[in-house]
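Peer 1: Residue-level listing of the chains:
Protein chains: 2
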Amino acid sequence: MRMRLKLKTVFVLYFTVSLLGLIYALMQLGQRCDCRGHDMSKDQQISQLRGELQKLQEHIKTSELAKKTDVPRIYVITPTYARLVQKAELTRLSHTFLHVPHLHWIMVEDAPQPTLLVTDFLAASGLTYTHLHQLTPKDRKLQEGDPSWLKPRGAEQRNEGLRWLREMGAAAEGKEAAALEEAVVYFADDDNTYSLQLFEEMRYTYRVSVWPVGLVGGMKFERPVVEDGKVVRFHTGWRPNRPFPMDMAGFAVSLRFILTTPQARFDGDAQMGFLESSFLQHLVTMDDLEPKADLCTKVLVWHTRTEKPKMKREDALQKQGLGSDPDVEV
Amino acid sequence: MRMRLKLKTVFVLYFTVSLLGLIYALMQLGQRCDCRGHDMSKDQQISQLRGELQKLQEHIKTSELAKKTDVPRIYVITPTYARLVQKAELTRLSHTFLHVPHLHWIMVEDAPQPTLLVTDFLAASGLTYTHLHQLTPKDRKLQEGDPSWLKPRGAEQRNEGLRWLREMGAAAEGKEAAALEEAVVYFADDDNTYSLQLFEEMRYTYRVSVWPVGLVGGMKFERPVVEDGKVVRFHTGWRPNRPFPMDMAGFAVSLRFILTTPQARFDGDAQMGFLESSFLQHLVTMDDLEPKADLCTKVLVWHTRTEKPKMKREDALQKQGLGSDPDVEV
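Sequences listed follow chains U and Z, in order.
Count along the first sequence starting at 1, add 697, and that's the number in this note's numbering.
Count along the second sequence starting at 1, add 697, and that's the number in this note's numbering.
The hints are simulated quantities; they were obtained by calculation from the structure and are not laboratory data.
Since the model is a prediction, treat every value here as computed from it, not as a measurement.
Careful, some of the hints might be misleading.
The list treats identical chains as one, so a pair stands whether inside a single copy or across any two.
To be verified - The calculated lysine-lysine pairs, modelled on DSS-like cross-linking and capped at a C-alpha distance of 25 Å, are: (1) Lys1016 / Lys739; (2) Lys1007 / Lys765; (3) Lys995 / Lys1005; (4) Lys1007 / Lys995.
Chain U on its own, in the form it takes in the complex (with noise of 0.2 Å):
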């Protein structure tokens, strides 16, 4: 009876206990585990990851401010000289090229050494860039006084570039020298507009890309003119039989082709209006030509051009000692 009592009792003891694990096993059961509560605040911290990184990316999407290095390498030489609204021009130019992804600035100085206000400047721009100088000889340069179109300016300090680039690629190895076989090189002077998009059209160029060039030669723009994907003649308002009548804002070249055409270069003794053809011509035939920016019907960069400042005040003034302090960079 005892004995009974007490199986009786373990036996209660026991269901009791059993049942208890029994009921929470079939709770487990079809829930394999519940993280239901943990899981809700990582869900919740994914999403909130996931929105502030999708801000992020189209933050720097519609800005188009991404760095981006996996693309194209854009190569750009610029030819700039001293005048008084050298680092305004510089400036602005800066802000544009700062939103262009994977750009080097080739700026070649017409100066016999570098300049502290450019060497300061490119070091302050934030930008990638190669500081190099090429004095233009003097019975080449144009004169105070002497129309804008009597001599090609900047053909010198283009070489220059050129000559630099070449260098660099006869020293490139590997990784670099694959990078430099899809880079592309344009020439871009100080006072023009340039649009991002532009950069966009000419980065893959597989020879000489082109496109219209706003208000340019007395003309609203100049372009060629595209038919069946073709170029097959200028629109221009002077000397349509020139070998290639496009400015040179108008024209990008594949770096491996100028590595590989190592005459190709500019003739600071070209006739007014030759400057483009001189170089162009050692590369291809208008045939080669590569349309851009919608079959050359946009125009993506437009020639404009800085007034001079007058100084008349400036010069009174310091003729009676009241000039502005000449320690002031303008």
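Keeping the supplied structure of chain U fixed, place chain Z upon it in accordance with the hints.
Peer 2: Relative to the frame of chain U, chain Z by itself:
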């Protein structure tokens, strides 16, 4: 015996089942929930997302391109008018503004209605903007051939910008009203050149902040002259005794101050050189001016002017029916 056997079988079966339940229940103890496998992948996701976020944030920070909104907002009022170089000017100006955190562009066209060119341009600019228009009455407008100094330009458009600001200010509530309290207003013409530093100088303006302007008024620069941290006179080439002998590009005004001084506006009939004074004299005296740009020793903005392009060849070609395609926007 059969009864006992049945009971025993039931007991053994029950014992087995409930033991399994108990074991399962015991396995659950001490680890409230086995979310580890679950957690691992979510934790990985979170840490991966965090990594991506950090990379993007650093990218944005280092490229200085953040549209920070935790700094006072800058409202820039730009009068503009249709001309050949308009799109080019707006293009490079927008490239500068895209680098400036928390900038709101108020574009005011001198036109009877918004033009398609400016509307499309703004929509594609990537900037925060308000597009207004205000036609200058004919008798106040410069006529073809008039010298640019004959009549002040842009007075009506700047006043329209001020009107919009005051209307918005009156309607603002809560957080937005608080944000407006610390905002600043700048009048930026579309042909000038602005450094990025300029905007950080003006961002914290209590009433009216001032700085030098390069290449203006026939001078290398004009500037307020500062002694003991106060503006005491102006370096200018012409009528230094005007109330405020400063260019439009040389000052910014706190929005709070503009909202509380509704009488401050530009006088379109002001004498040449007195347009800035006509506005500022409602707001401050020379003593109140806040000198910026290292006590007005740095030139951070340039009064550049763009040449009007000659259209001689275009005109000649148009007479022959060979002009540039009018459907191409320049």
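Peer 1: Does each hint hold? Answer for all of them.
Peer 2: Outcome of the hint check:
1. In this assembly of identical chains, the alpha carbons of Lys1016 and Lys739 never lie at most 25 Å apart, being 72 Å within a copy and 72 Å across copies at closest.
2. Taking CA atoms no more than 25 Å apart as the test, Lys1007 paired with Lys765 passes in neither setting, with 42 Å inside one copy and 39 Å between copies.
3. Only between protomers do Lys995 and Lys1005 lie at most 25 Å apart by alpha-carbon distance; the minimum there is 21 Å, versus 29 Å within a single protomer.
4. Taking the shortest Cα distances, Lys1007 and Lys995 sit within 25 Å of each other only across copies (21 Å), while inside one copy they are farther apart (35 Å).
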